[in-house]
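A.B. asks: The lines below spell out each chain.
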Amino acid sequence: MIPELGNFSLILAFCLASLMVVIPMAGAITNNQLWMSLCRPLSSGIWVFMILSFACLAYAFLKDDFSVNYVARNSNSLLPERYKFAAVWGGHEGSLLLWVLILSSWSYAVSLFSRDLPQDILARVLSVMGIILVGFLLFMLLTSNPFERTLLNPPIDGTDLNPLLQDFGLIVHPPFLYMGYVGFSVAFAFAIAALLSGRLDAAWARWTRPWTNAAWAFLSIGIALGSWWAYYELGWGGWWFWDPVENVSFMPWLVGTALIHSLAVTEKRGVFKSWTVLLAIAAFSLSLLGAFIVRSGVLTSVHSFAVDPARGMVLLTIMLVVIGSSLLLYAIRAPVVKGSASYTLTSREVLLLINNIILVVSTAAVLLGTLYPLIHEAIYGEANRVSIGPPYFNTIFVPLMALLAFALGIGTFSRWKKTSVAYLKQQLSKVLIASLAFGIVIPVVVTSEFNISAIVAVVLALWIVFSIAKDIFNKTSNKESFFKGLKALSLSYYGMQFAHFGMAVTILGVCLTSHYSVERDVRLAPGDSEIIGNYEFIFEGVSLQQGANYQADRAVIRVLQNGNEYITLEPEKRLYYATRATQTEAGIDVGLFRDLFTALGDERGDGSWVVRIHYKPFVLWIWLGAIIMAFGGVLAITDKRYRSKKPVKETQSESGLSVNTATKTNLSAEA
Amino acid sequence: MAAPRKQRMAIVGFIVAGSAIAIGLVLFALNEGINFFYTPTEVAQGAVPDGQNFRIGGMVKTGSLRTGELEGTLVEFLATDCAQDIPVSFTGVLPDLFREGQGVVADGYIDSNGIFQASQILAKHDENYMSAESVAAMEASGASCDP
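Same order as they appear, the protein sequences are chains A and B. Here this note's numbering is used: the first residue of the first sequence is 16, the next is one more, and so on. Here this note's numbering is used: the first residue of the second sequence is 245, the next is one more, and so on.
Hints should not be assumed to be uniformly reliable.
As the list claims (entries may be wrong) - In silico lysine-lysine, DSS-like type, Cα no more than 27 Å apart, as pairs:
| no. | chain 1 | residue 1 | chain 2 | residue 2 |
| --- | --- | --- | --- | --- |
| 1 | A | 78 | A | 283 |
| 2 | B | 250 | A | 283 |
| 3 | A | 494 | A | 433 |
| 4 | A | 433 | A | 490 |
| 5 | A | 485 | B | 250 |
| 6 | A | 485 | A | 440 |
| 7 | A | 494 | A | 655 |
| 8 | A | 494 | B | 250 |
| 9 | A | 655 | A | 440 |
| 10 | A | 502 | A | 283 |
| 11 | A | 433 | B | 250 |
| 12 | A | 445 | A | 655 |
Everything labelled a hint here was simulated from the structure, so no lab data went into it. Quantities reported herein were computed from a predicted structural model and do not represent experimental measurements.
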């Protein structure tokens, strides 16, 4: 009964979404207040039914209702409760349900927090989100219904959740990632609404910015969680593999980052308008591409969902329709929204343009590397397969990011319209000298070796940090006291500086881990030990342990620090009963400046095992940086200018007439 | 009048410079990062240029795996597509799903003794999964067997 209720909710959500596509849009076109005003109740209705539907599936999981096929395939009566709940999004159908639930939540959020939005814009935005909802709900109902049941002779027990997913990571990683992916649909909907209405001004950018920041912050956390999960769960000691699915989550992030910067220019200076719109379309299109690649199985990846060509075709169709029609609309309407303002070569506008070019070029390179195996196969035939390895991505990405970090420092001091070169020189020379001095001295003194790539990384990170510090100092120096000065700075300014600081932290984490990690894969018999730096790892042997739904070979590795007892790490190799699958659990000692990573490999006879022992300096900083970046994004959203009801006051009034006049005036002004 | 034109020229300049750098990098990097895929039969026929890094895909031949009796973390096995067997040597940790009779993809090169020196063994995270490369290798050989 409950699964049927879930299914009905899903169908009702679909019906309401169809109405949300048609009625508010028709209202916006014919200027019918009543029709436009329906978008709010419709979006809340969809949200309520999606929540209900999701709750029904969760209930089926928690109650072990194995007559529901999806539950039978992704759960087991022995599975711990928390994983039963997380298993709701552990497979294709359920994760799609989460995807749509989050999409409906975003559209509900837009309808909630849009009091100062003109009604026709809101109607168009929600109607565009309705189109995406309809597409995905239809896809789910027709090809991937999570509520399908076997009523005659249902299985007694489920086949269990993939062991790799039985982890805290599954509980948090997908929701954050999807919040990010799907969140870009808001910026996309705003862009389409702007193209439709022809209204693309500073106010538009101001409405779009907090939503973009929010999606971007979620995506940052989601990607970081995925990377952290891979680090401790896959047992390889790596944190990024340039796997196709990692790449498809990273591309929307890169374009989203470009979009955030481009929106800043559009809001403050009224230029780059059509470019901003294009980025908004691209960010969401890349999210759709991600959904397609993950779920169609066209590329080999560790994240393979059950592959079904029919699903792939439907997703491809949705993707092509959305991207195709929005680009067509863009081609027709973009000339209308052209902006004009002058700026010089050393202005903040140009530096942000450089930021955008670097990010877009990086995205294009990642996209090419990800799709290249498909392109190659299409050209040379199926027998000629190739794969693109990490060397490709690193060769392209590292120099581009170095360039980006360098430009970031200059950008911090640049001003809108025009920055005098003398001023930039004066500001940057000190920063440059300080970052060069510290950046060369610190790594050499600490490690007593001269590693040029590590030095470049430290110099660039310090370049960013010193630029931020100097800029904050500049901005507070004319106030009575330093703290008064700090107080006077806006939250969005802090948001920017935090995000940039997070980037410096991540750069340090990535580069220092890559250059200074010590990785040993050794064969150890009980009593053997391995020494890395100050640490001695003593392998005490392996014993059999019982878990809730698995048994594990658990190793005991005693770690001595400078000869003193420090910690005992217990990496495991688990065998899950239901699936007979083995799974590695790493034993890690987490530290701010270094991780000690151990993982159990395979048994090699007479009680000896292959053991991975890694010493990973600064690896935590990779994810710490992402958290700081996301925090910056959140700070920027809380800036009060997004909540105040200024310039758009008249358009917010009750009378539809004034809304329309405002729009029309604007359109003619733009044209 | 000059200002907007100068501005536009600057933007075009940036874009051209950016794309030029990007294209250069991509071409260089593709050279570095591309891995061609060959089946055991193709390797046996000498289709692989000497010293080139590539990927081999097939099955781990049953009964061919040697681990414990070898030094340290050395592993040896035969990669087969049922028509041809290629000896593979690897030092390190085997993935969880590495088993005899199962699909395998390895990264590496052929040394002067005709042994494939693998720098990486790939296994996917699904017990029923067989990589597209392994499937292709089995299909290409046309032979069928119980490896």
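A.B. asks: Now, for every hint given, state plainly whether the structure supports it.
C.D. replies: We went through each hint and held it up to the structure:
Annotation: proposed proximity of residue 78 of chain A to residue 283 of chain A is violated, straight-line Cα distance about 54 Å (limit 27 Å). Between residue 250 of chain B and residue 283 of chain A the alpha-carbon distance is near 22 Å, which keeps this suggested pair within the 27 Å criterion. Using a Cα cut-off of 27 Å, the hinted pair residue 494 of chain A and residue 433 of chain A holds, with the two alpha carbons roughly 24 Å apart. Under the criterion of a C-alpha separation no larger than 27 Å, the hint pairing residue 433 of chain A with residue 490 of chain A is consistent with the structure, at around 18 Å.
For the hint linking residue 485 of chain A to residue 250 of chain B, the alpha-carbon distance of about 32 Å lies beyond 27 Å, and the restraint is violated. For a cut-off of 27 Å, the pair hint linking residue 485 of chain A to residue 440 of chain A stands: about 13 Å separates their Cα positions. The straight-line distance between the Cα atoms of residue 494 of chain A and residue 655 of chain A is roughly 22 Å, inside the 27 Å bound, and the hint therefore holds. Between residue 494 of chain A and residue 250 of chain B, the direct Cα distance comes to roughly 39 Å. Violation of the 27 Å bound is thereby established for this hinted pair.
For the hint linking residue 655 of chain A to residue 440 of chain A, the alpha-carbon distance of about 34 Å lies beyond 27 Å, and the restraint is violated. As the CA atoms of residue 502 of chain A and residue 283 of chain A are separated by approximately 22 Å, the hinted pair is consistent with the 27 Å bound. Simply put, residue 433 of chain A and residue 250 of chain B have alpha-carbon atoms about 14 Å apart, close enough for the 27 Å limit, and the pair holds. Restraint check for residue 445 of chain A and residue 655 of chain A: not satisfied, since their Cα atoms lie roughly 34 Å apart, outside the 27 Å limit.
Hint violations for this structure: numbers 1, 5, 8, 9, 12, all remaining hints satisfied.
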